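Number of protein chains: 2
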Amino acid sequence: MAKVKVSDFIADWLYKRGITDVFMLSGGGAIHLDEAISKHEGIRGVCIKNEATGPMMAEAYARTKGGFGVVYVTTGPGGANAVTGVTECYVDSSPVLVISGQSPINQTTKNANIPNLRSFGIQELNIIDVVKSITKYAVMITIPESILYELEKAISVATSGRMGPVWLDIPLDIQSAYVEEDNLFGFSTNKKFTDKISEDLNNAKRPLILAGQGIKNSDAVSELKRLASCLECPIILSRLGLDCLPYSNVNNMGLGGIKGTKFNKLIMGEADVVIAIGTSLSVAFAGYDLSFFNPNAKIYMVDIELAEITKVQHRLSGVVIKDAQDFLRGLLNILYAFPIRYSAERKNWFEHCLKYKEKLSTKLFVKEQNPIDIYFVAKKIDEMSKKGDILVDDAGSSYYVAGQTFSFENGVKEITSGAYASMGLSIPLSIGAAIADPKVCILTMTGDGSLETNIQELKTLSYYKLNVKLFIINNGGYISMRDHGRHVEDENTMLNIKKVADAYDIPYYLIDDYKNFDTIAAKFKDVYGPAIIEIICDSEQKLILPIC
Amino acid sequence: MAKVKVSDFIADWLYKRGITDVFMLSGGGAIHLDEAISKHEGIRGVCIKNEATGPMMAEAYARTKGGFGVVYVTTGPGGANAVTGVTECYVDSSPVLVISGQSPINQTTKNANIPNLRSFGIQELNIIDVVKSITKYAVMITIPESILYELEKAISVATSGRMGPVWLDIPLDIQSAYVEEDNLFGFSTNKKFTDKISEDLNNAKRPLILAGQGIKNSDAVSELKRLASCLECPIILSRLGLDCLPYSNVNNMGLGGIKGTKFNKLIMGEADVVIAIGTSLSVAFAGYDLSFFNPNAKIYMVDIELAEITKVQHRLSGVVIKDAQDFLRGLLNILYAFPIRYSAERKNWFEHCLKYKEKLSTKLFVKEQNPIDIYFVAKKIDEMSKKGDILVDDAGSSYYVAGQTFSFENGVKEITSGAYASMGLSIPLSIGAAIADPKVCILTMTGDGSLETNIQELKTLSYYKLNVKLFIINNGGYISMRDHGRHVEDENTMLNIKKVADAYDIPYYLIDDYKNFDTIAAKFKDVYGPAIIEIICDSEQKLILPIC
Chain A
14 MAKVKVSDFI ADWLYKRGIT DVFMLSGGGA IHLDEAISKH EGIRGVCIKN EATGPMMAEA
74 YARTKGGFGV VYVTTGPGGA NAVTGVTECY VDSSPVLVIS GQSPINQTTK NANIPNLRSF
134 GIQELNIIDV VKSITKYAVM ITIPESILYE LEKAISVATS GRMGPVWLDI PLDIQSAYVE
194 EDNLFGFSTN KKFTDKISED LNNAKRPLIL AGQGIKNSDA VSELKRLASC LECPIILSRL
254 GLDCLPYSNV NNMGLGGIKG TKFNKLIMGE ADVVIAIGTS LSVAFAGYDL SFFNPNAKIY
314 MVDIELAEIT KVQHRLSGVV IKDAQDFLRG LLNILYAFPI RYSAERKNWF EHCLKYKEKL
374 STKLFVKEQN PIDIYFVAKK IDEMSKKGDI LVDDAGSSYY VAGQTFSFEN GVKEITSGAY
434 ASMGLSIPLS IGAAIADPKV CILTMTGDGS LETNIQELKT LSYYKLNVKL FIINNGGYIS
494 MRDHGRHVED ENTMLNIKKV ADAYDIPYYL IDDYKNFDTI AAKFKDVYGP AIIEIICDSE
554 QKLILPIC
Chain B
14 MAKVKVSDFI ADWLYKRGIT DVFMLSGGGA IHLDEAISKH EGIRGVCIKN EATGPMMAEA
74 YARTKGGFGV VYVTTGPGGA NAVTGVTECY VDSSPVLVIS GQSPINQTTK NANIPNLRSF
134 GIQELNIIDV VKSITKYAVM ITIPESILYE LEKAISVATS GRMGPVWLDI PLDIQSAYVE
194 EDNLFGFSTN KKFTDKISED LNNAKRPLIL AGQGIKNSDA VSELKRLASC LECPIILSRL
254 GLDCLPYSNV NNMGLGGIKG TKFNKLIMGE ADVVIAIGTS LSVAFAGYDL SFFNPNAKIY
314 MVDIELAEIT KVQHRLSGVV IKDAQDFLRG LLNILYAFPI RYSAERKNWF EHCLKYKEKL
374 STKLFVKEQN PIDIYFVAKK IDEMSKKGDI LVDDAGSSYY VAGQTFSFEN GVKEITSGAY
434 ASMGLSIPLS IGAAIADPKV CILTMTGDGS LETNIQELKT LSYYKLNVKL FIINNGGYIS
494 MRDHGRHVED ENTMLNIKKV ADAYDIPYYL IDDYKNFDTI AAKFKDVYGP AIIEIICDSE
554 QKLILPIC
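Line by line, the protein sequences are chains A and B.
Per the numbering used here, residue 14 is the first one in the first sequence, and the count goes up by one each step.
Per the numbering used here, residue 14 is the first one in the second sequence, and the count goes up by one each step.
Calculated directly from the structure, the hints in this document are not laboratory data.
Which copy? The list can't say, so a pair holds if one copy fits it or any two copies do.
25 angstroms max Cα-Cα, derived SDA-like pairs, lysine to any residue:
| no. | residue 1 | residue 2 |
| --- | --- | --- |
| 1 | 512 | 479 |
| 2 | 123 | 170 |
| 3 | 512 | 542 |
| 4 | 238 | 350 |
Nothing here was measured: the structure is a model prediction, and the numbers come from that model.
Modelling step: build the complete structure from the supplied sequences, incorporating the hints.
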């Protein structure tokens, strides 16, 4: 019977599940794992510079390619560095598997089981204790034969229900063990759903649909469109659901929440029946205790995660714990069998919303001026994007402005952060997306402050010649943070972006006059490969705030 | 009675405990904390670029200045980023207080207590669950009046016994609360020691002292020297204890362990009575299960951490759980009262050790050649260092070579990593030391691979004009890792260091011929401020390995 080394078994199992790239920063504690990737003909090990960014890259890889993303790290600081990215995957529900190397079992603090022992083997840390609260599943493997079970379980947990990161910690002596393939035991999941169906939309006068990332994750965009046109009602989107419909879709009212469109809170406040599908109804999107809605509004919430529902359950009129597509198909079947009756009030309401959209859309407020308006930059990037392109944005003003301005026509997609908007996220997200699909063009908008946080990865961008156009808003730094108490010393803290581009061998373009935008963009937009475009923007930039 | 805002109370309490600099990356969730630092006249907020490096800087601050170091971070990703540095402080026993901002109490997942809820308020994460296994004490503050108790407890825990990091998570509504100072309640520690005294050195034929960081932490260097001269025996030092004695001290045999001096394992293997003081006897230093010693040797271990003793207890002949200075003073009192008797065997043993030192010291093996030998670089840096200077080194070959070569004459100190040697550590350590004591010169040795990991902090180095000379070993990257399975794609991954120095406005010097070292060093060594010195070294560099 064939014997196989555990580390090779893992690599092959991942490859059979569609993994062709693993984000890795190798080290002695993961030597067998790393070698298995290195010698596997179907998998490329993408060498990164700091493990912190690995899960972010894998997150974007999974979102770009489907399935899940994989990160390999080593013991101790390797795993600790990755915590930053894992929390991102956790709060944004991204299916990422982190595999860490570990000291041999008899040199682990976990195995020694001595209270207060901090580190035992070389660079040893009990990483599972650190990550268990920020992963869906995290375990140290101690039996070589359990490897199939643990891989299947980890990926099943990561990709089913509400997605999220998982972590397998594999000691050196497990990595290097040989197992008989026939002795491996597997895992099979039972998907259980608690179903509850309740709808009465016939009496609604001012219905509203809120839609989030769950729509995309369950492939329910066409069902969403059918429901909205059937009800003739507005849709407001969450940050991670924003690219599921083009802004030109008649029902789409754009982004909701504290940094949403100028008119989103008016619609939220006026609606009398709200159905939220595939969104966690976060504080930033819907207010604490759903305070952005009329206190008398009936609110229904459809989500696959009980916890997100429970946090606001006292304010809800009905709950469905279900996959968005399953729910929408069921609801549409009912509405086809018993069509919704005509209502003049509902018709007036929709026309009223359309007028808001006509008069208050962001693009009407874009200024053509110098120093350049950030909204002008976002509008230009939006217009430049073509079918298949991916838009990426970073924390701070570029995050807010992008959400209010991008229109996602022609199937343009966005990869961004939902719950956190961590500074510096845009570079690893761009790299992950470009690695997953080298054919697409990534148009990335970041600030001069965010740039610094993960500036080390510019080398990864440059080395792999990734097709990422990095638009850097130079407005004297940290503009969105000044009002929130970010303390920067003075303007000398600012980098010379041209010199940085030169140091990393990335072509550099400067746009300091809005009138030259198109001329300069013509020089780089159809040239494959990375580019840095510094844009001198208004340090007194005001953000568009929703009317309440 | 005077009312005081909690965030101002904290700043003032820290100031009264000697804190004049707080390493911070501010954000909306820590706004009151940040403002209190900003407006406090005695404390400077040092603005860093990535929270990952904050605890490393605070660690070096504490080690340079005494007392403890403080880091302020914000909610969610702010805290998550800091995990990297906190694990360093944990495994290396550094007293650092991290204070994080948090969402208002009623928007925290901890308070909501709903299983599986991942994030509630804006950028909210239950950071305490993440860090509790890598801190000595970690708690979210929920009662404003408990602030004094929690600060006193945290610092007492961090700085007493075996030192380590502590974490206070402070929700926005606690930060901004006003309290009556008279209503605050405090904390007082009871130091309990389990004492056990046992020594019989009179019968030893080949005694050996192992000494570690505990000697420095308990201010017991003079007691150590007295014991060694009293016994006429060799001392071998751990990595973090290495700078407690100059190499010229007659008893000092230099660094022990797998990357120690060429002769350290010979001495360890021959000794018959070993006293280890203030060292955890890690696997890298003493072997798994203390395998570097003769199986018949009697080994006594003196440490303040029960856990470190317990992990090897079955191999020990005696244990003392005590502060190193307390132990040494007690032992010396006994030896003064009952002087050790003359032994020809012991005298021969010491002379035998002195011959090893005479014939096998690292400096005898330094090559004068091109491409330059890394040991030559370390020797030059060592010779360049003057009283008060601080040496810093990074992971990989510079870490190993420095430990084998630096001699710490004239009170030169070293700040480096013990248990981990995380890549990229040297830049934040250098910054922290320079911020703590701007008068000293920091001589830092790093590799071209390690440089990239925290390259973003070169801006901090440059902006604050810190007196750090950063020697970058250019040997084609990751040399110490190639044999351990680090997979680098090819030489194009290497940065152009001159351009990087230019981008960060740091003076740059190139040394590509060993004969020019002194001439070029003369240009920067007495010029205050940062400098980058790129040194073209041998990509085929061999490390000196201990003889077994």
